[in-house]
Amino acid sequence: MEIKFTEENLKKLEEAKSHYPTEHAALMAALWLAQEQYGWLSTEVMKYVGNILNIPYEHVLGVAEFYTMYNKKPVGKYHLQVCTNVSCMLCGGYDVVDYISDKLNIGIGETTPDGQFTLIEAECLGSCGTAPMMQVNNYYEENLSKDKIDSILEKLSKS
Amino acid sequence: MSDFQPIILKNIPDYHNIEVYMKNGGYGAFKKALKMTPTEIIEEVKKSGLRGRGGACFPTGMKWSFMPQKSDKPKYLCCNGDESEPASFKDREIFEKNPHQFLEGTLIACLAMGIKTAYIYIRGEYYPWIVMLQKALDDAYAKGLVGKNILGSDFSTDIYIHRGAGAYICGEETALLNSIEGKRGMPRFKPPFPANFGLWGCPTTINNIETLANISPIIDNGGEWFSKIGEPKHAGSLLYGLSGHINKPGIYELPSGTLLTDLIYKYGGGVKDNKKIKMIIPGGSSMPPLTADEIEGLQMDNEHLKSVNSYIGTGGIVVMNEDTDIVKVIKRITQFYYHESCGQCTPCREGCGWMLKILDRIDKGMGRNEDIDLLKDVANNIEGNTICAFGDAAAWPVKWAIKKFMPDFEKKVRESVDLPIANKVHSLRLTHQV
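Chains A and B, in that order, are what the protein sequence lines are. 159 is the number that the working numbering gives the last residue of the first sequence; the numbers go up by one with no jumps. 434 is the number that the working numbering gives the last residue of the second sequence; the numbers go up by one with no jumps.
No wet-lab data here; the hints were simulated from the structure. Quantities reported herein were computed from a predicted structural model and do not represent experimental measurements. Glycine residues also receive a C-beta, built at the ideal position from the N, C-alpha and C atoms. Incorrect hints may have been included.
[What the hints assert, rightly or not] Here are the in silico distance ranges between beta carbons for each label pair:
1) A:E15 / B:V20: 26 to 34 Å
2) B:D3 / A:N138: 38 to 46 Å
3) A:N54 / B:E322: 56 to 64 Å
Generate coordinates for the entire structure from the input sequences, incorporating the hints supplied.
Dropping the structure here:
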């Protein structure tokens, strides 16, 4: 498969480049676009991003590895990121992790065999007033209870 | 103070909408500022006594005056919305409920320092709030409030949003600069300070989102008006975040110096299940924790918190009840710092891992008698020995929790080195080996 940004993403990249005095500064934006398009950042994808921005692959890899939100391996269709940091921990964040882990029968960092869900433990997501919570892809699910988790997972597994 | 009117989180429906915001006098302060000289604006901010809301409490007016008025190079403003300190969730409230007041403050800051490009750095996880702020920014562009020749004046400035990708350290100002430049977010040595050598080596100022949201009311009502709100040495209102074992968690905007007990019992509805308090974190996970005795009569502002050896930080308050396992909490906080250390300085990179290992074995009942002293030693060797303040942030919770909650640590260590148990563990280990 040839790695190439869609026309739309190329346009978005040009827009991002126009925000900065150097091409290099558009790297984070380019990696976001690549992740949106391919779901994760493979070596080939990172090489492609480096080529179009004239940045050595090693530097692209360094940046991708530094930031936790860039996926360096494939993840499920829904990336369940459960916060277990201090405020969520006090409100049952670990119970949420255990509950989802048991329900989906996957451990932390694992993906369900159908490729639908990946479960990870996340650091504070700035949702301390609505703990416990998790981030599903880009969106927040807050004030979680077992019932709420059940209905979220049911809805997602059907879509 | 019951007659206090919120300055940022105003109780006006749909205030995030540009039409509603402008109908209520929004962007009036910016228009006023267009007629002022840069020095006049900076003097007004200095007079207000506004201090940075990101945790360091540096006087904002003074920071602005460090920027060279004349420069051959472009100048930049960075708005720090990385907000990754555990227990802080105030900036997202501003993005959601009052984005235009923040944008107006950003414009006034650009005007005061002669800046033509501002970057708003927002943590990658805040995608829904980035969308909200982008909408507000697009609306402001459409109204001619941002961009070229704003409102027909000769003042032009562009504002862009830069999305982070999950790195706590990028909230540190020089790490943030590297991140905007498309590099790994590793803090830089200071000096040179960003005001002289910031983004791409150009003069740069970095302000917190909440700080900038306070600017337009200051220009509107005058610095003197602002300086009379709350505690004189830390003027204005603060966005206090309540979380943990509390009945009504959330963000409360109140004058600085509000009693911590009022925050917890009057506004926060008290501790869940009417339990007693064991520990309080006053301003985000890196601030030294407080005991239940220390919170009596304690006012929440930087000066008063210093008297109990802590700081206001970001105003994120975590309440923990009497059943809380202090060792587990400190272990979890240390796990966070271990995960987030950028790895640049050896004391922090290695030390956080060591502290985590020691805390983990104490927590699991495998602690040794000398472990508490060892923990203190490691924490002391991280503190003050790193490029940025992250090292202090990682060391403080450990160091101060041991100091203030020693019996909790001792109990766990004593239980684990209790001889009969130790023998049992020893024999179990032997059995496993066979």
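Hints, verified against the model:
1. A:E15 / B:V20: 26 to 34 Å: 29 Å Cβ-Cβ, so the 26 to 34 Å window holds.
2. B:D3 / A:N138: 38 to 46 Å: 41 Å, holds
3. A:N54 / B:E322: 56 to 64 Å: Cβ of N54 (chain A) to Cβ of E322 (chain B): about 59 Å, so the range 56 to 64 Å holds.
Of the numbered hints stated above, none is contradicted by the structure.
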